[in-house]
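**Student:** Fit chain B to the known structure of chain A by using the hints.
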Amino acid sequence: MGKILLEVRNLHATVAGVEILKGFDLTVRAGEVHAIMGPNGSGKSTFSKLLAGHPAYTVTGGEVLYQGENLLALSAEERSRAGVFLAFQYPVEIPGVSNASFLRLAYNTVQKQRGGEELDPLEFDDLVREKLKLVEMEASFLERSVNEGFSGGEKKRNEILQMALLEPTLAVLDETDSGLDIDALRIVAGGVNKLLNPGNAVILVTHYQRLLNYITPQFVHVMEDGRIVKTGGKELALELEERGYDWVREEQAARQLA
Amino acid sequence: MSAVQQINRDDFLDGLVRCWPDVAAQDAAWLKALRARAAGRVAALHFPDRRDEEWRFTDLSALRELNFEPAPLQKLQAPFADFERLIFPEAAATRLVFVNGHYAPELSDTHDVPPGVTLAHLKGQGATHDLAASTHLAQHADVNHEVFSALNTSLFPDAALLFIAQDVVCERPLHLLFISTAQQTPLLSSPRCLIISGRNSACTLIEEYVGLGEGVTFTNAVSEIVVEEGAHMQHVRVQDEGREAFHIANNTVTLARDAHYQSINVTLGARLSRYTLGVVHHGPGTECSVDGLALISGRQLADTHSVIDHAASHGKSTQLNKCIVDESAHAVFNGKIVVRRDAQLNDARQQSRNLLLSARARVNAKPELLILADDVKCAHGATVGQLDEEQIFYLKCRGLSETAARNLLTYAFAAEVVEKIPLVSLKTRLRAVILERVHASTETA
Chain A
1 MGKILLEVRN LHATVAGVEI LKGFDLTVRA GEVHAIMGPN GSGKSTFSKL
51 LAGHPAYTVT GGEVLYQGEN LLALSAEERS RAGVFLAFQY PVEIPGVSNA
101 SFLRLAYNTV QKQRGGEELD PLEFDDLVRE KLKLVEMEAS FLERSVNEGF
151 SGGEKKRNEI LQMALLEPTL AVLDETDSGL DIDALRIVAG GVNKLLNPGN
201 AVILVTHYQR LLNYITPQFV HVMEDGRIVK TGGKELALEL EERGYDWVRE
251 EQAARQLA
Chain B
259 MSAVQQINRD DFLDGLVRCW PDVAAQDAAW LKALRARAAG RVAALHFPDR
309 RDEEWRFTDL SALRELNFEP APLQKLQAPF ADFERLIFPE AAATRLVFVN
359 GHYAPELSDT HDVPPGVTLA HLKGQGATHD LAASTHLAQH ADVNHEVFSA
409 LNTSLFPDAA LLFIAQDVVC ERPLHLLFIS TAQQTPLLSS PRCLIISGRN
459 SACTLIEEYV GLGEGVTFTN AVSEIVVEEG AHMQHVRVQD EGREAFHIAN
509 NTVTLARDAH YQSINVTLGA RLSRYTLGVV HHGPGTECSV DGLALISGRQ
559 LADTHSVIDH AASHGKSTQL NKCIVDESAH AVFNGKIVVR RDAQLNDARQ
609 QSRNLLLSAR ARVNAKPELL ILADDVKCAH GATVGQLDEE QIFYLKCRGL
659 SETAARNLLT YAFAAEVVEK IPLVSLKTRL RAVILERVHA STETA
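Chains A and B, in that order, give the protein sequences.
One point on numbering: in the numbering used here, the residue at position 66 of the first sequence is 66, and numbering is uninterrupted.
One point on numbering: in the numbering used here, the residue at position 414 of the second sequence is 672, and numbering is uninterrupted.
Incorrect hints may have been included.
Sample of chain B residues with no beta-carbon within 10 angstroms of chain A, all distances over it, derived [to be verified]:
#1 268
#2 388
#3 609
#4 622
#5 674
Ranges between beta-carbon positions, derived for each pair [claimed, not checked]:
#6 A:58 - B:557: 36 to 42 angstroms
#7 A:199 - B:646: 54 to 60 angstroms
#8 B:646 - A:59: 23 to 29 angstroms
#9 B:646 - A:58: 20 to 26 angstroms
#10 B:617 - A:250: 18 to 24 angstroms
#11 B:617 - A:56: 18 to 24 angstroms
#12 A:244 - B:617: 46 to 52 angstroms
#13 A:122 - B:659: 24 to 30 angstroms
Simulated from the structure, these hints should not be mistaken for laboratory data.
Just so you know, even glycine gets a beta-carbon here, dropped at the ideal spot from N, CA and C.
Next comes chain B alone, as it looks inside the complex:
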């Protein structure tokens, strides 16, 4: 298709959603109905462009010009080269792996999943988990208005399910690994997660997206997380897909009374990525801390949109979002905090810190506060800057080279987020990855 050719507004969406009846052929009735409704919404909604407020800084036209097909089931040779480095020793046998959205039993290992914890996939369970799945699936994500969530719902080939039973404290971290593989033709993957953390339970979840091979891929992921009364959840999300990948993800988190949710999102990969996080504080006394780090270079674009919605009283939220942008890369952060009218005595803090390493690097940081209650504490701050020349001079006066000084300071900027990650092996891996990428970009500068 040539660039000058007129593109019908919704050719892109129509071409994809048309496949839903094939995907749904084996589905239970409730799921078929869900998909039909979602497909209807895809047909009714339009492909977003920069006239949409939510997409002002992120231009999807490059995605729309490509022809994608839903990825078929593909078996990877296990263990393939590099697979070992994707496994965390702490979660070696509490791991589900999906390849292009399809469950990959040959790569998964659930031997160490403790009693009271269900780590499974939707298609493998028959009717066992249908009740929980049918109760929650697509009930939290905004399928009615958000076109990519609707598209995922109509097409996801399988879903990762993680259920923690009431009062269960899961010591082992749980690992959901989504691999996208580049093929001759551009493929769409639709990974899906449903996570329910029961009353007074506790768990740590690693949700990870990586790419294999070089080529164009499109990952359209949706996660729904329910943290029930008094439950504690730690959630680390890492996106490190290939440099030609498109990655759009929606994550909706629902917090019941006294629930705690801590998340750290690390964006390293993809040509264009968009992560939309919504946290709704439904009950009183809830706490969330949602941190983010994007480290991008070349012509990458990384967009994080978050909405933290305080719908009940006595809640607390903290957010630290950091972007390190090198070369011609472009970072977007839109952080919205809502405190509803009767949601008194909430405390919400947001910080957006951005480091530009090149004159061509760009960042759009936009805090948005919508405070309707009158007895609340809310604070936000945003900074965009470069490395501090006095810090560089200080380090050089202690013998460090210019490059070593810049690398150390860049790493230190990222460390504030990385050091919060509760998994030692992931933290160690990310430290190495960040140092390597920071180093690579100063070498070519």
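So that you can see chain A by itself, here it is in the shape it has in the complex:
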């Protein structure tokens, strides 16, 4: 078994005073792919954003250890530089900043932190063109403003391009599959598969089973009312697709009564 990358214990969190996470537990090891599924409002996206350090969420209990260190003590940029990556559900548009200069700035910032080599625009251009192939993007994407006027699929591919450049140790893909047509889904999933290696791990936060046809998770977790209520293998996802979430709820209610 790979070494433990992430350990979340009894995590409680609020947003605007409302408790969203209510005792969330998760352990992720190197080399693993985890899928977190669950109905709308179960807290999936809250968990993703909280892990990345979004200021809107307040942790009220529990702990999050990343490679044995307290992740919650780090700012968003420190988490990113330490290898935690969030692929946004809704990637943000930044008019006036070219994708190329944004990607290079991010790459060099992270390289500097990790003691790697920073690249000038020409060197970076070679690197980024190589990575573009991974997500089947045209070089013209580099000259456009970050995500501005991108289609939904282009935005998601741009997220995976950033993941390819920043080479995270732990990547959280927040509903990266939502709104994608089948071609874009195949491209995005193909990119993620190529980036997987025994030293890193991916958490797929998703609403639908279909992404899991392309990226095979070892673990599927069902989230309900702010915590994980059921964990299984990839076959659990198929069962959820077929039967919905209600039976999980009923099963849990029965367990609580017993």
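**Tutor:** This is chain B only, laid out in the frame that chain A set:
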């Protein structure tokens, strides 16, 4: 003079305009007559205060409390430190420099001015250009009603002249550099420009105002630009005077049939600055695009007033004005668009975008549309906002520090205007200046 002492309404103006006969001593008769008329208007008009609609948001009382004298001729040691950085390689030998409104031959270089282009100063030409100058000078600026234009006309010591002959395409950009120098006593500079772009000609003009030394100065500039039939003009104006400077400028642009005028105005300096731009579309088929960027901090005030007057049919105007306001600074934008009764089929668009970087920063943005024709397209929009926290979070999630994220987003806001500048060296310089100032203000925040 103590602050409590009663100030006579027009002491300020009278004290200055009184000097006009000395300035006019060597002038030709037509110019003397022009100055006399302008001086008469100064005496008849009053110093504007906040009861005047055009000055509602900009309080000039700090200017009025100071005693200025018209700046005498001053020779700068050439090349003085920092002069090199004021020169653009593209316009190194197509440059006129004025120091406190006086022509500075030792700093100017016109070796590369091509045939068909006149880059000269009024006092140096004898009678050569008197006809063109006397025909146009003070015929476009509103000397009758606008007191600062009248004051400039009565006192300007010299004028920059740029004439592009018919059909001439001037590839080299032309650079007019106005330097104000701070002295022991507060000095008034009265820079003046007359630019005539002949039929079907094309040129790029850089009009720049900078300050040297620390201290109070008052620059009262007037420019008149005539773009004749079918001519194309690109005009970049940069104001980066010192933090104790007062800067008031009036620029009047007249467009004949099918003329194109593109201008970008960048305001970075001065304690108080006011730029009044008037573009009159006299002929049909004219186009103008007038963009502006103000980047201010501390206690600076930057005011841009524009009037785009569609007086003929089939015209087009676009305007993008952006202000980035930090600390206790205050930006004012008043953008008026007039479409006259018979000026059908005009298309006028205006956008005012404002970014406030501090809780004390202030902006007054006021679009004004006066549409008298019935078959026109007009659109305007104004926004005032702060940096977007979701954009900042996104950048931080990619490793950028809070400061780096804020700087990048602030620069990006300015870039939309800066990137339109046709001169690479000026664009590069402004990029650096903006990044430096944005950075400086986040460091001290």
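**Student:** Run every hint past the structure and note whether it holds.
**Tutor:** Here is how each hint holds up against the structure:
With a least beta-carbon separation of about 46 angstroms from chain A, residue 268 (chain B) lies farther than 10 angstroms from that chain, consistent with its non-interface assignment. In this structure residue 388 (chain B) is separated from chain A by more than 10 angstroms, as the shortest Cβ-Cβ distance comes to about 48 angstroms. Non-interface call for residue 609 (chain B) relative to chain A: holds, since the shortest CB-CB distance, roughly 13 angstroms, exceeds 10 angstroms. Consistency note on residue 622 (chain B): stated as away from chain A, and its beta-carbon is indeed over 10 angstroms from all of that chain's, at 24 angstroms minimum.
Not every C-beta of chain A lies more than 10 angstroms from that of residue 674 (chain B), the closest at about 6 angstroms, which undercuts listing it as non-interface. Checked against the given bound of 36 to 42 angstroms, the beta carbons of residue 58 (chain A) and residue 557 (chain B), roughly 38 angstroms apart, stay inside it. Between residue 199 (chain A) and residue 646 (chain B) the beta carbons are some 35 angstroms apart, a value that contradicts the proposed interval 54 to 60 angstroms. For residue 646 (chain B) and residue 59 (chain A), the hinted distance range of 23 to 29 angstroms is satisfied, since their beta carbons lie about 24 angstroms from each other.
Here the CB-CB span from residue 646 (chain B) to residue 58 (chain A) is close to 21 angstroms, well matched to the stated 20 to 26 angstroms. For the pair residue 617 (chain B) and residue 250 (chain A), the beta carbons lie near 53 angstroms from each other, so the given range of 18 to 24 angstroms is not met. Residue 617 (chain B) and residue 56 (chain A) have their C-beta atoms about 20 angstroms apart, which keeps the hinted 18 to 24 angstroms range intact. Taking the beta carbon of each, residue 244 (chain A) and residue 617 (chain B) are about 49 angstroms apart, inside 46 to 52 angstroms as hinted.
The hinted window of 24 to 30 angstroms between residue 122 (chain A) and residue 659 (chain B) holds, with their beta carbons roughly 25 angstroms apart.
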